[in-house]
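Protein sequence lines correspond, in order, to chains W and S. Mapped onto this note's numbering, the consecutive letters of the first sequence carry residue numbers 1 to 329. Mapped onto this note's numbering, the consecutive letters of the second sequence carry residue numbers 1001 to 1329.
These are computed hints drawn from the structure, not numbers from a lab. We put the CB at the ideal spot given by N, CA and C, even for glycine. Be a bit skeptical, because a hint or two may be false.
What the hints assert, rightly or not - If you want a taste of the chain W side facing chain S, the calculated C-beta under 8 Å gives, among others:
| id | residue |
| --- | --- |
| 1 | SER33 |
| 2 | ILE93 |
| 3 | VAL115 |
| 4 | VAL146 |
Number of protein chains: 2
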Amino acid sequence: MSQTETHSAHELFPTIHADLAEIEGRLRRTVHSRLPVVPEVYLHTVHAGGKRVRPALTLLCGRLVGDAGEATFDAAVAVELIHLASLIHDDVIDDSGRRRARLTANRVWGNKNAVLVADFTHAVAYRLLTQRCAIETVERLSGTVVRMCEGELCQMYNEGSFEVTEPLYFEMIADKTASLMALAGEFGALTAGGTREQAAACHAYGEKVGLAFQVVDDLLDLTGDEERIGKPVGNDVRCGRLTLPLIHALNQPAELADPVRRIIVEQPTTSEAMHALRDALAASGSLAYTAATAQRLANEAAVQLADFAPGEARSALEALAAYVVARTL
Amino acid sequence: MSQTETHSAHELFPTIHADLAEIEGRLRRTVHSRLPVVPEVYLHTVHAGGKRVRPALTLLCGRLVGDAGEATFDAAVAVELIHLASLIHDDVIDDSGRRRARLTANRVWGNKNAVLVADFTHAVAYRLLTQRCAIETVERLSGTVVRMCEGELCQMYNEGSFEVTEPLYFEMIADKTASLMALAGEFGALTAGGTREQAAACHAYGEKVGLAFQVVDDLLDLTGDEERIGKPVGNDVRCGRLTLPLIHALNQPAELADPVRRIIVEQPTTSEAMHALRDALAASGSLAYTAATAQRLANEAAVQLADFAPGEARSALEALAAYVVARTL
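If we strip away everything but chain W, and leave its shape as in the complex, we get:
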């Protein structure tokens, strides 16, 4: 569920500028407690930013099908709360010290506070859905959290393994990342009076965008600029996680696969080793294959919008799908 941040939500979603400002205010107000540490840890993570892609998806899908009212705002905030809580738990689990060029909550306040404030944030997300949304949204959210946990556990379980196939990779990123983006889209349709078919299309759109997003994220972990993505590159490969470029390379003929395998086994820690890995992945065509896969997924996302009336919301969602892939440049 990691992500890279280069644009603000406002640049990316000009048509919902005011709505996103409203979401930002609600995000800041929603988690409160008589204990000062709760807003401290929580707001640290909120202030770390993020593009608020998930609430934007909810709002835009709500507009796509009808009126995005209070229930849509509640659902949009709930989805982002689950995302923020998962970032806090991920950093505890990975013992990460930096996220988006800032210290992580676990590094500043310790694991105890981080785990409990994330649990607290989770509970607030569920509570928010009980105010104006149907109980179905709770069922969908809890099912999604189950998938997110399974995705993380599956990824962890396969660290250090050379047996990860492309289908298994996609299953893992569908669970850990795309499931919540799919839900964000679906929540927009569900809370704004969309039909079952519309909710399913918004879910499929969000899922494809989420998959493209994670594929690009995994590519940037190998090819990105540390300053720009706000975290160290090469993290996945040092953790022994086979991502799409590596899986592709390892399935090429030996003269292309072997150099990649050798570098992975040695767990590259220097920028020279990372450069050598990048060169080997370029030679095997794996970087190009990964970029093309992300593009295909973004195209498939856009196709899901075909049955909706053209307009600002649809255009913004099309732009989002395009943007996710443009991050590779």
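Let chain W serve as the given structure and place chain S on it in line with the hints.
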């Protein structure tokens, strides 16, 4: 949310023997996944036992007001899932190695698996409430999880402080322990067609029993037998947590308070030091005061049952209140 276990639920609640066996089976079946680690970690915690006091509370309060049907079973299991998940997170947070004379999940599978399986279990609890229960139960559960997190955070924040007063102590244990037992009782009434007043009485009963339970637990941490309670004694005092006996002693005249303060400051690690602490707490009347406080809370719990018709359910709940205090013997 720690607890000590000396009786099985079946001994304690003979009138709902069959229902508790059903709960046990549902607990084992409810959390499943294609990933083997999920049931491994989860069932390790389920098999560690526990008296299933919370589901018993839900079932008995359900019977007290009407028919305990499928929704009541769902709610009973959901409450126990939240309890089990909180035990897993607590052991991660406290870096505990043993619970009920077994290794903890974090010690066997590591913090990553433990945190994620607890998150997974939380989500399953919410999902269960969406099957047959009203959305109000989700609102009540999420509010309770918020209180449980606040209780844990508040306790952690006050570790090492000599400023903890009796009202603050009761606020902390109400949040971290009694809130879920109160909800367990309330869920019984809510899911079995009870009135608002009945739900409030069941909530109050569960809260008082929960307070008595935690007061006794804190007493046993100072006076209990390690073999019998299945965990090291003196844990609270070594963590710098002022519990009721210590708070009482520190508020006595200097000649009684000072010996206690001296031992606490030195953080007793030997059984000699723990004996000296026990003697000092006996001399200050603090052990007797704490036992009397637990008895008073148990009596107050029983009073909440006065307006319900006499019968098996009410008798079992009265017996439970009495049992919680009898653990001190």
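Hint-by-hint comparison with the structure:
Annotation: SER33 (chain W) was flagged as interfacial toward chain S, and the flag holds, the nearest CB pair being 6 Å apart, inside 8 Å. For ILE93 (chain W), the interface hint holds, the least distance from its beta-carbon to any beta-carbon of chain S being 5 Å, beneath 8 Å. Interface hint status for VAL115 (chain W): upheld, as the beta-carbon distance to the closest one in chain S is roughly 6 Å, under 8 Å. Given the 8 Å rule on beta carbons, the hint for VAL146 (chain W) holds: about 5 Å separates it from the nearest Cβ of chain S.
Against the hints set out earlier in the document, no violation occurs for any number.
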